[in-house]
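Chain A is already provided as a structure; the job is to place chain B on it using the hints.
Protein chains in written order, with my numbering: chain A, 24 to 248; chain B, 187 to 326.
There is no bait here: all hints are sound.
Subject to a maximum C-alpha distance of 25 Å in a straight line, what follows is the list of computed DMTMM-like cross-link-like pairs (lysine to aspartate or glutamate):
id : chain 1 : residue 1 : chain 2 : residue 2
1  : A       : Lys93     : A       : Asp57
2  : A       : Lys215    : B       : Glu298
3  : A       : Lys80     : B       : Asp288
4  : A       : Lys53     : A       : Asp175
5  : A       : Lys224    : B       : Asp246
6  : A       : Lys224    : B       : Asp297
7  : A       : Lys224    : B       : Glu298
8  : A       : Lys93     : A       : Glu197
9  : A       : Lys224    : B       : Glu299
10 : A       : Lys93     : A       : Asp130
11 : A       : Lys93     : B       : Asp246
12 : A       : Lys53     : A       : Asp246
13 : A       : Lys170    : A       : Glu205
14 : A       : Lys224    : A       : Asp162
15 : A       : Lys224    : A       : Asp161
16 : A       : Lys188    : A       : Asp148
17 : B       : Lys302    : B       : Asp246
18 : A       : Lys215    : A       : Glu205
19 : A       : Lys215    : B       : Asp246
20 : A       : Lys215    : B       : Asp297
21 : A       : Lys215    : B       : Glu299
22 : A       : Lys188    : A       : Asp173
23 : A       : Lys53     : A       : Asp148
Take a look, some chain B residues computed to stay more than 12 Å from chain A by CB distance:
id : residue
24 : Ile230
25 : Asp269
26 : Pro286
27 : Gln293
28 : Asp297
29 : Thr325
Calculated directly from the structure, the hints in this document are not laboratory data.
Glycine residues also receive a C-beta, built at the ideal position from the N, C-alpha and C atoms.
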Amino acid sequence: MKAFMIAVALVAAGVAAWRIPYPSYEWRQKITVDVDTPQGPVSASSVAEIAWWGIPKILPDASPRDWSVKAEAVVLPLPNGRYLFALVGSAHLIARAVLFDPPYEGDPYLGPASRMRRFEGQVHDIQPENYPLLVTFDDVSDPMTVKRVDPDDLAASFGPGVTLKRITLEITDEPVTEGEVEDVLQWWCGLKQSRTRLNGKRGPISSNELSNNLGTGAFRVGDCT
Amino acid sequence: MTIAKDILLAILSMDAYNRGYGSTVSDNGPGDTDGLSDAVGTRIGNAQVRSRSDSDPNSDEVNAGFYAIAYDMSGAAGFSAGDTVISYRGTDDLIEDLVPTDFPIIQGSYDEEHLKLAAAFYRSGSGLTSASPRSTSATI
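Chain A with its partners taken away, still in its complex shape:
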């Protein structure tokens, strides 16, 4: 029993010794999209889980940190039957961009990550330059029909009277959103399993056509539900 206790203590000490130079931080963030329509305001949110951690910088080109994201796009159904999607994009960077101003204290990524939770419960407007990419589909059953949406001119995509009111970010302890993308985009899991982009292609990208540049990870980072 004594040997067991010593072994447990050694493992705990090892973990603690590792965590001091190579800390790990995680938080959940809720992105909310508010839109005004002729039928009244509509809103939708998505909660993502972000983690950042330090790693040993042994190789010269190696990053001293790494990150992971578990997230899906905000899916906003509009009264006219269309959908507005706010894509996952830089989910791992958006809270840092919204809540902190450079120069950052300590490591430029791990420093802000270490202080995220102190913002829990506060709702912050996301500035337009940090907006996630907004898209819609002419036909939601056809991934090839994806179209970019101008946040300053939602009417061009959805008709007169539709305007973007605001996009907000909140650090939260709510559960991570799962399944809403697949509920609407029935083709998502099939494309994810075939590892193709929205135009059905894979491999090198040699055009800026949107369906050739967006993959399934733009809508959801995670497995099929």
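Here is chain B on its own, set in the frame of chain A:
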């Protein structure tokens, strides 16, 4: 200002680390997955992005830790119209690159995802049309 050929090549060799997913720099641009833009047509001096590998988190390339970018060098000093430069990221991850990928290749195992993706990118990025990879003028 004209940039000397060797200096431009040195810049482009580093450029693969500054664009696409997992970049070491970021401009936080709208819709930017990560790093500086690698949209086709983006200019770096007189070099112009011709193609790039996929940065989607669910793609084969990201799962393998692979990234490459090809430049059209038409108009750049020391290059001819249509010349291509391909910049591949090197080993930048001890756990995901060095141990499971580099060591097997050193030991002669070429059935590695990185090599397959690199070959596919070379064929596509260089505009290779014949069976021989030596038939192109791409600079790696």
